[in-house]
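Protein chains in written order, with my numbering: chain A, 1075 to 1693; chain B, 9 to 239; chain C, 214 to 447.
Since the hints were made in silico from the structure, they are not lab data. Careful, some of the hints might be misleading.
No farther apart than 25 angstroms at their CA atoms in a straight line, the calculated lysine to aspartate or glutamate pairs in the DMTMM-like style are these [as the list claims (entries may be wrong)]: (1) C:232 - B:203; (2) C:433 - C:389; (3) B:223 - C:434; (4) B:223 - C:240; (5) B:223 - B:169; (6) C:232 - C:264; (7) A:1130 - A:1203; (8) B:223 - B:203; (9) C:325 - C:343; (10) C:232 - B:171; (11) B:213 - B:200; (12) B:223 - B:13; (13) C:232 - B:172; (14) B:223 - C:429; (15) C:433 - C:240; (16) B:223 - C:439; (17) B:213 - C:438; (18) C:232 - B:169.
Just a few of them, taken from the derived set where beta-carbon distance is under 7 angstroms, the chain B residues facing chain A [to be verified]: (19) 60; (20) 74; (21) 75; (22) 83; (23) 88; (24) 94; (25) 97; (26) 98; (27) 110; (28) 131; (29) 151.
Backbone N, C-alpha and C fix where the C-beta goes; we use that ideal spot for every residue, glycine too.
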Amino acid sequence: MIDLLPQVIVTGLAVGGTYALAAVGVSLVFGVLNIVNFGHGAALTAGAFFALVLLKTLGLNIVTAFALATGGAYLVGWLIERVTVRPLRDAPLLMPLITTLGFGIFLENVVQLVFGPETQPFKTPVSHEPYSFGGTTVTVWELITMAVTVVSIGLLHLFLNRTHFGTAVRAVSEDRRTDALMGLNVDRLILVTFCVSSALGGIAGILSAALYNAVNPTMGSAAMLKAFAASVLGGMEVMSGAIVGGLLLGIAESMGSVYISSAWRDAIALLALVVVLLFWPTGLMGHRRLEKMERASLNVLPLPPVPSLEFRRPALWLVIGVLLLLPLAVTDTYARRIMTVMLVYGTLALSLNIVAGFAGIISLAHAAFYGFGAYASALLSTQAGWPFPACFAAAIVLTGLFGMAFAAPVMRLRGHYVAMGTLGLGGTISVVMLNWVDFTRGPMGIRSIPQPSLFGVEVDGVGYYYFILAILAVSTVLVVHMVDSAFGRAMRAMRDDELGASSVGVDARVLKMVSFGVAAAIAGACGSFWAHFVTFISPDSFNIMESIAILAMVVLGGLGSIPGAILGGALLAGLPELLRFASDYRQAVYGLTMLLVVLFRPQGLLGFSAARQAPGASR
Amino acid sequence: MHEGEIVSLIGPNGAGKTTAFNVITGIYPPSAGDIRFAGRSVVGLAPHRVCASGIGRTFQNLRIFPNLSVRDNVLVGFTLGNRASLLSALVRLPSQRREEQRLQAEAGALLRLLGLAEIEDQLARYLAYGDQRRVEIARALAAQPRMMMLDEPAAGMNPAEVDDLNALIRRMRDELGKTILLVEHHMNVVMDISDRVIVMDQGRKIAEGTPQEVKRDPRVIQAYLGSEAAA
Amino acid sequence: MILETENLSVAYGPIEAVKGLSLRLEEGQLITIVGANGAGKSTTIRALSGEIRPSGGEIRYRGRAISRMAPHEIARLGIVQCPEGRRVFAGLSVLENLKLGAYGRGLQGEMKQGLDRVFGMFPRLAERREQLAGTLSGGEQQMLAIGRALMARPEVLLLDEPSLGLAPIMVQTVFEAIREINRAGTAVLLVEQNAFLALRTASYGYVLQTGRVVLEGTAKDLAMDEQMMRAYLG
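For reference, chain A alone in the conformation it holds in the complex (with noise of 0.2 angstroms):
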């Protein structure tokens, strides 16, 4: 096996090249702005499509497609900073990370109406065939991406070294006022940044379509994480670490595939970035600590009054009426399963609110629990036989135990490193239900799980309505009570301004502990419930995407306001069903959601809407 090594080292070193190039776009944005550009990698998969069209359609020679796509590239990231940063300039944290992350789906998705989600062949005209030296073989297309690797780190670094420009670029990393104040113009710094760092993605995406020889609209998403995980393993805002980070990443990725099993490949990147964020917050060459206990707070508008639940008030009367009586006037199974459906996101919106809107922490792994859920009761079912009461309730308590050690790592992180940690954390869960096909059976999920029964009598048609209505009243009522006491109370104190709460003796890891406990548990129930309600599950189900797809119905709904996400999760999911044409647009319209609600009613759609600026905050 040892003399596989250089054969896998230079495997890896092409490959990592591709990695090193998307992770120092990430990492120059990151250095100027502090933020991290969750759209980057619809950079990516816009350069390899540019260039397919480019390539392909237009027939041109293949430098001039590459320039032309890269010029392309470079126009994308013109695109985000404008429609995505340059708005929410002043506005918090969590706002631009919404944004990026909502517009980059949509430009993916908007690649994938054009072109068809399938994977397409990235023919060129350079030949596959590979040399070999001395038993270690090296196509012609892995030589050009190390050469492309370092002729573009190379102008990079002379552009950033060598002209005033670039320069100046260096100085808004190190501080913006001062940049200001020798007359030099910040925004347009910015701007030209988000436009190199996007050119960088898309050569990435480039050479990456023409390793692998194949395009797909989601390249770009997959192709960030690992970007991201190259980038933390550097140390963020090190140019030179991103590099290395990409090329390490790289080499132990194609390490991994060869002795481990190439199944497990993805998991690396992923566990990278956790392991790396957690454990060596300055990653291989930074030297800044992650973060401060400064006030990172993310998110500073009002919360909407928690709502009061006493049955004197008609407008509760009226909404729980109409949610029992509907099932009489919808008689269509179909329009009744859509129903069902609806319910379920709404609850899960609800119960991701609780971390994202009331303690204020972005998770993008609320999938991660819903799944989490399904798989214990359907494995418990399935395997086990246990009568479904039993599974139903041994996946709340589990998920809510899970939910709690899910936590105790994310605790540690702030600001946007809690969304990538989330991420990572969420796909390294995915990964498993994917990969640990002796458990879970992998890719071909679990089939006939047992309907539910409760009390000797079946659950089904319009049961499974009831049921999940009174999974979310239950829910609902939780939250209230939980939001609405001396604990949810700390949780609103801490989200406001985490260190002005511990000086009063508020203690976040436990606040943040209980929330997730909680959020999960509710969602296990859900993912029980789902998981009996369609009888098969899989891991496609619970993905990264899906996790993306929650958060997105709470920003629609309104961070932090109970009836906003349980709106907000039953219109997502269900107008892109009962619009039947737009269910191909379905994650395009979750995109664009969130980039349009941020932008234009950050309260969301039954948030409170105040003044942006809290007189605290101001200075």
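Based on these hints, arrange chains B and C on the given structure of chain A.
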């Protein structure tokens, strides 16, 4: 510091006053030395544990909860005194309701003491600056500290508010029996209410004594106004 | 009159940090604003540089209202601020820091003369030109910050607490340089906590207390004034 004393920590910009505060309250670790409070070392404790040991504080740049009402800001201060468990809150047990009523009553008393009762339903973010300062003080008092550390409580206040603040600080000592440590630039406050003044410059203590002694100390005058020698 | 403010007020949210300040800076003059910390000195300078929009009043540069302009536009007019705490770009070399000063005002063509002037004034910086700014001593960083501002060939130089945290010998060097810059024709507004030092350097001074001018006059008169000490020590 002694029980029931009002001590002021003063010094020019960058003298290390706020840093001293932050080290005592567990935000940064000291590089050497010990901090003892009521005979027990509080070095290395997390901020919420420092609070539990009986030290309350306010912040120079205000760290109230802008999106909570005044009343809720104060109620969060009672976190340590709350005896209701989360479980009892989730299902609203009668014991939790009684505990909540008790806290509400205590918060009400504190709000009245600080003259905040009339604005208790407003979100803290919309308050005038002086009111925000008092909310922060009320919140810190709610945690029942033995010692209160106030970081520039008079910053941004107008003269009338400063007078009220002086009265309030005296009452905290006289009526509530708190020991008070103060960082302040407003010399009117410092000279008016302090039992003892400690002067810092460039991270060191350069003088200590009654307000009158300190005011006449040439080292203090030099630290504040600069010296002819340096010019 | 090169720079003047009329009834300038600046507020941070509900806090009014500067209230109705009127000051005048003539061509070639060196004036100072002194006062204890929290008096509103830095706020004034930030407003002059366009970093905070005034809540009232007007700022005029050579008769032209500038209070609505962005910081980089004001800097390009020639009103260059040397901020408190020096704020050199720590990860950039001394030379890069200096060149940015000229580049910001679009003076790439005059890089050479600018560097000659700064290195002539601070030979220490010439020795350390390739060093990262973050590795310089406090005094050297202050020289660099002033040098960087000089590279922009300022019409008005705004200095915020240049003596802060410096050893006495360094303070002397820095203030000698400030006088020299002024002698060469640049109008200077100096904000200082070290009042005696500032008043010995400037020709005219304003004493600020909680956002208001409580005293103004020629520097000589102010230095003798009893009320001065009260503004500091209450």
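Hint compliance check: list the failing hint numbers for this structure, sorted ascending. 1, 4, 17 and 27
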